[in-house]
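Trainee: From just these sequences and the hints, can you work out the full model?
At position 32 of the sequence shown the residue is numbered 31 (numbering that gives the first Met the number 0), and the sequence of numbers has no breaks.
Derived from the structure by calculation, the hints contain no laboratory data.
Any given hint could be a false lead.
Under the rule of at most 25 angstroms between Cα atoms (straight-line distance), these lysine-lysine pairs were calculated in the PhoX-like manner [what the hints assert, rightly or not]: (1) K27 with K12; (2) K12 with K57; (3) K57 with K27.
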Amino acid sequence: MSVAPSRKRRERKAPTILDVAAAAGVSKSTVSNVVRGVEVADATRVRVLGAIDRLGYKPNAIARQFVQQRTTMLGVLVGDLSNPYYAQMAQVAERAAFRCGYTTMFCNIEGEENIAVAGVESLLEHRVAGMVFLAFISRTPPLESALKQAAVPIVFLGLSEDWGEGDSVGPQDSQGGRVATEHLLGLGHRRIAYVRTPLVEPSGDRARYAGYRAAMRKAGATASSPLQWEPGTSTVRAGTGEQDLAGMLESASGPTALF
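Mentor: This is the structure we're talking about:
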């Protein structure tokens with residue numbers, strides 16, 4: 000009985016590192032060194048690469064990473080991806096990782112502490128090589144414990160967190176607050192309100208508000224107390240009272256611009 004060609008193709012085994020070693024006349028470790036970019040003799044490298052090309056060998060990244068107990072995957076925690084800021088930052092992180100031979104796994108935490116902790120634990124279970132935080136997360140004992148135990152590199156991107164375990168690449172919040180306020184002042188506004196949201200880490204929020212106050216004071220305008228706003232709601236809290244945002248903006252004494 001003859002076997003159909005399509006079945007033969009399905010049954011054909013993919014070449015292994017041992018097949019490449021035999022075809023090139025070298026050891027398995029030599030093939031591994033060539034694949035990993037370790038320095039070997041030029042003639043040997045050419046022979047091994049030729050065998051890889053002829054056989055169509057594809058290195059088993061999963062097996063290699065299993066042995067090393069670390070993947071070439073980076074865990075990235077982001078806020079709400081419907082927010083253009085997070086979407087763009089996620090794209091930048093993904094492209095930068097790819098250029099360096101890494102892939103990314105995203106976790107959308109949406110500002111929820113319990114989701115954040117579960118997301119970090121899930122990423123660590125996948126043996127990520129590092130963690131990138133694009134969204135502010137409160138520093139909690141469970142989160143710190145999980146990250147410390149995993150001992151993976153941590154980078155806070157767009158944040159000014161100063162966790163001992165991580166590096167921070169953050170904006171100049173005070174200068175940004177001043178520049179944004181000066182822009183509104185330049186448009187002729189004098190009643191400018193500063194809006195505070197939980198999406199911004201406390202240290203960044205304080206620095207932005209300081210920049211806002213400095214710009215208002217320099218222009219001879221009155222800086223107001225921050226308005227507290229929860230994203231998605233139609234009200235703001237001013238001091239201890241709560242007001243309808245639309246009503247405040249329509250009021251004759253309300254702010255003409257928001258930062």
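Trainee: Would you check the hint for K27 and K12, treating anything up to 25 angstroms between C-alpha atoms as holding?
Mentor: Since the Cα atoms of K27 and K12 sit roughly 18 angstroms apart, the hinted pair holds (cutoff 25 angstroms).
Trainee: Does K12 pair with K57 here, judged by a C-alpha cut-off of 25 angstroms?
Mentor: It holds: about 12 angstroms lies between the C-alpha atoms, which stays within 25 angstroms.
Trainee: Taking 25 angstroms as the top limit, are the C-alpha atoms of K57 and K27 close enough?
Mentor: holds (14 angstroms)
Of the numbered hints stated above, none is contradicted by the structure.
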